[in-house]
Amino acid sequence: MRNLVLALALVAMPLSPALAQMNHGSHAGMADGVHATAKLNSVGDGSVNVSHDPIPAIGWPAMTMDMPLLGDVDTSGVAPGDSVTIMLEKGDDGMYGITAIEPAE
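Numbered according to mature numbering (1 follows the signal peptide of the UniProt record, and there is no 0), the sequence shown spans residues -20 to -1, 1 to 85.
Worth flagging that the hints you see were computed from the coordinates, not collected in a lab.
Fair warning: this is a prediction, and the values are worked out from it, not measured in the lab.
One or more hints might be untrue.
To be verified - Here are the simulated SDA-like cross-link-like pairs (lysine to any residue), alpha carbons at most 20 Å apart as the crow flies:
1) 70 with 82
2) 70 with 43
3) 19 with 83
4) 70 with 48
5) 19 with 32
6) 19 with 73
7) 19 with 57
8) 70 with 31
9) 19 with 46
10) 19 with 72
11) 70 with 85
12) 70 with 44
13) 19 with 41
14) 70 with 57
15) 70 with 34
16) 19 with 48
17) 19 with 65
18) 19 with 61
19) 70 with 51
20) 19 with 74
21) 70 with 32
22) 19 with 43
23) 19 with 31
24) 70 with 60
25) 70 with 39
26) 70 with 29
27) 19 with 58
28) 19 with 54
29) 70 with 46
30) 19 with 42
31) 70 with 17
32) 19 with 60
As the list claims (entries may be wrong) - Pair by pair, the computed Cβ-Cβ distance ranges are:
33) 36 with 56: 26 to 34 Å
34) 48 with 17: 25 to 33 Å
35) 62 with 25: 15 to 23 Å
36) 43 with 74: 27 to 35 Å
37) 75 with 31: 28 to 36 Å
38) 52 with 83: 13 to 21 Å
39) 31 with 57: 14 to 22 Å
40) 52 with 15: 16 to 24 Å
Quick reminder that beta carbons are idealized off the backbone N, C-alpha and C, glycines included.
Generate the whole structure from the sequences, applying the supplied hints.
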């Protein structure tokens, strides 16, 4: 009986916004676009690798990750090692990607 109560409690627990975002690509009530400060680690073809600060607006902790560039993002003004400001928005697939990147002030 105790295990059944514990199992029901775990099923009833809501996912944290970060976990919901990473597992499902969307979470009710999340902002469509947010700014974050990050360190640019590398620039690839259609993506960048960044180490970003926590992003409370979407429930993400600080982490290092590859992020897709959505649309025609100009990366010519930034280089690996730069501190940058990124604009994140949900893509057509519901996952966040970068729509703008510029040197941090």
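A quick look at each hint next to the structure:
| no. | hint | verdict |
| --- | --- | --- |
| 1 | 70 with 82 | 19 Å, holds |
| 2 | 70 with 43 | 18 Å, holds |
| 3 | 19 with 83 | 10 Å, holds |
| 4 | 70 with 48 | 11 Å, holds |
| 5 | 19 with 32 | 6 Å, holds |
| 6 | 19 with 73 | 25 Å, violated |
| 7 | 19 with 57 | 14 Å, holds |
| 8 | 70 with 31 | 19 Å, holds |
| 9 | 19 with 46 | 12 Å, holds |
| 10 | 19 with 72 | 26 Å, violated |
| 11 | 70 with 85 | 24 Å, violated |
| 12 | 70 with 44 | 18 Å, holds |
| 13 | 19 with 41 | 15 Å, holds |
| 14 | 70 with 57 | 23 Å, violated |
| 15 | 70 with 34 | 17 Å, holds |
| 16 | 19 with 48 | 15 Å, holds |
| 17 | 19 with 65 | 9 Å, holds |
| 18 | 19 with 61 | 6 Å, holds |
| 19 | 70 with 51 | 12 Å, holds |
| 20 | 19 with 74 | 24 Å, violated |
| 21 | 70 with 32 | 17 Å, holds |
| 22 | 19 with 43 | 10 Å, holds |
| 23 | 19 with 31 | 5 Å, holds |
| 24 | 70 with 60 | 24 Å, violated |
| 25 | 70 with 39 | 14 Å, holds |
| 26 | 70 with 29 | 17 Å, holds |
| 27 | 19 with 58 | 10 Å, holds |
| 28 | 19 with 54 | 16 Å, holds |
| 29 | 70 with 46 | 15 Å, holds |
| 30 | 19 with 42 | 11 Å, holds |
| 31 | 70 with 17 | 17 Å, holds |
| 32 | 19 with 60 | 8 Å, holds |
| 33 | 36 with 56: 26 to 34 Å | 30 Å, holds |
| 34 | 48 with 17: 25 to 33 Å | 19 Å, violated |
| 35 | 62 with 25: 15 to 23 Å | 19 Å, holds |
| 36 | 43 with 74: 27 to 35 Å | 19 Å, violated |
| 37 | 75 with 31: 28 to 36 Å | 19 Å, violated |
| 38 | 52 with 83: 13 to 21 Å | 19 Å, holds |
| 39 | 31 with 57: 14 to 22 Å | 19 Å, holds |
| 40 | 52 with 15: 16 to 24 Å | 19 Å, holds |
Consistency with the previously given hints fails for numbers 6, 10, 11, 14, 20, 24, 34, 36, 37, ordered from lowest to highest.
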